[in-house]
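Asks: Chains as they are written, first to last, in my numbering: chain R, 1 to 80; chain Z, 1001 to 1631.
Please keep in mind that the hints were generated in silico from the structure rather than gathered at the bench. Keep in mind it's a predicted model, so treat the numbers as computed, not measured. Don't take each hint at face value.
Facing chain R, from chain Z, some residues (calculated, C-beta under 10 Å) [said to hold, decoys possible]:
#1 1014
#2 1016
#3 1018
#4 1021
#5 1039
#6 1041
#7 1075
#8 1077
#9 1081
#10 1248
#11 1574
No residue lacks a Cβ here, since even glycine has one placed at the ideal position from N, Cα and C.
Listed below are the residues making up each chain.
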Amino acid sequence: MADQEILDLLTRVLRDLLMDDSIALTMTTRREEVRNWDSLVYINFIVAVEIELGIKFKIADVESFANVGEIVAKIRTMLK
Amino acid sequence: MDHPAVASQSDFRVQLQAALAETESRARLDSLARLAQSRLSFIETIQLDQALARSAAETIDGFARVRLAVLSTNTIDHLLPAIRVAGLRCRLRIDVFSGSFGQYRQELRDPASPLVQFRPDLILLSLNARQAASGVSISATAQEVEEVLARAIEELRELWRHARSTFNAAVIQQSYLDVSEPLFGSYDRLVPAAPSRLIARLNDLLAHAAAQENVMLLDLAQASARDGIGAWFDIGRWLQGKMEIAPQAAPAYGDLVARVVAAQRGLSKKCLVFDLDNTLWGGVIGDDGIEGIALGEGSAVGEAYLALQRYALQMKERGVILAVCSKNDMAVAETAFRDHPEMLLRRTDVAAFVANWGDKAANLKTIAERLNIGLDSLVFVDDNPVERARIRASLPMVAVPELPEDPAQYVHCLANAGYFESVSFTTDDRQRAGQYAANAEREALLGTSESMDDFLRGLGMSVVFGPVRPVDLARATQLINKTNQFNPTTRRCTAEELAAIAAAPEAVTLQFRLVDRFGDNGLISVLILRPDPAQSGVMEIDTWVMSCRVFGRELEFEAMNIAVEAARRRSVRAFRAKYVSSSKNGVIRDLYPSLGFARADPEAGVGGAIQWQLDLSTYTGRKTHIERAEN
């Protein structure tokens, strides 16, 4: 999966969760920059991505992602 | 983790947008409820909840509102959307209050807690086993373990009583999820203090205490035993956010909760309606003949259909009504029931049997009418996807499970869809099947009677009545909460509330049983009179419900005669009564005028409520065909 595809998938998941199609994630987007992306939505986001891709993040990863790009990079290595 | 037995929607997003585009709030809620009927993914559940939040907050007829407080030792916020969505699936608008993490004791006891403002109808206690079983050494003896567990249960009992007395709420207690890992292995079950053994014992004691205290059980332990603990618990989420129930389990959890709430509100289904060919047996009896259909021991397929019949009989024994709706010749269809040696279901097990070549939607209406229950009480079981689609389109209130193609899976599909969730199992449930069989005989009598008068006289009816006693509480509560048609106010109550009213000297409670020559209909009506606080000598009809099974027997007239006599003995001058129209109680719109009540207000009040008044000094009552027997 190319990085752009992963980014698109993350965008779609977050749009669905927040029912907000104006959301446009980039590699440098940070959680606090997206309206309503609170900690509960973040956990739901992680769970939805895990279900969608059939992967499981390590708990340390979930706590350490500084921006969307780091999530994309981690997924890229997990899908290899 | 079987979700509602209806396939998921491929175009969920489109349908959700379409529902949100509805401008009329009733139509919007109907569309959302229709979407909620299908199997929803984790993310779709959250989306639907968001759509629900954007819908009007006003009360909409056909969607009962209920306030549920969830108090927990764990994080539960991630579960609330699924509870609301599963509620919508049961046509309930559940307002959920989520207690602060781990603060359940304080919230229940503190008069200033926000829970007081919320005024919950129901309180769900969702606790984890860590606290209840903490500090028990693995070397503890069986007796030491019992003492610790007894204390834990005693604390729960106190919380339950507190929840009731302070909030007047019904209580749902969740069983403990066993998230422990084995210590010894198989030997764990032989060690009293081994975590898995200890939690199993705790759940046993919990169920026992809940039964004694009339607390409803949400059996999470049973669900996780069925689905596997991995489906419910994710250690990562527990460590990250103290979520004992994993987010991906939220849709299943919402269903568990909503089903119990719906059952408590009387919204569970009442009747299983079966198609015949390729549903109750394999093959087409009209083509294959009685000897050609697949049914019975000896073949796997034949046994699969037998399994469904066995399940139907078990459901009948627990009080579910059975019916048949088939495209067949009546005589041919009935032959199998009478003459097939392997048939488990007999003709007498089926309370309403409709076999013809007409439209099944019309036939389902006939069945509902004949049984005197609402269409929304029916579950329609048919192997044919075309028939299913037609019923879903024309009768959306009928539950239509998406039956799997393999008959081996039929029972699993039906049993896990939660249509018949129950919070009690009363004597009346046990006798219901016999009562419906007797009803068929009554109908036969009606057919041969020359007039209604003749029929009523021929029934040889007597009413057995008296105050609501402790022994009557379970059934009386069930009747009050399940009755939608003969229910002028749709007021609901818990067993505790009813017990309190029955014990109060100023109130009059009456329970009625109707017996005739075909049998005992059981406890089929409850009437509660309470003094009007504003006017002395006036009593208000607080609650009056009657089972649809005894409509048209003049019981409402005899019950009113009895109530008036009881009130006159207390020197009561007048009755006040209220009729609040609902989607279900149109059948008794004219109840009060027919009993001699006069309008007490010129115009309907808030929510279409109409006030009625009866002057007891001029009440003459109506002579009925019902004899009296007091108990």
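Asks: Would you mind marking each hint as holding or not holding in the structure?
Replies: Status of the hints after comparison with the structure:
no. : hint : in the structure
1   : 1014 : 13 Å, violated
2   : 1016 : 8 Å, holds
3   : 1018 : 14 Å, violated
4   : 1021 : 14 Å, violated
5   : 1039 : 14 Å, violated
6   : 1041 : 8 Å, holds
7   : 1075 : 9 Å, holds
8   : 1077 : 6 Å, holds
9   : 1081 : 9 Å, holds
10  : 1248 : 6 Å, holds
11  : 1574 : 55 Å, violated
Going through the hint list in order, the structure does not satisfy hints 1, 3, 4, 5 and 11.
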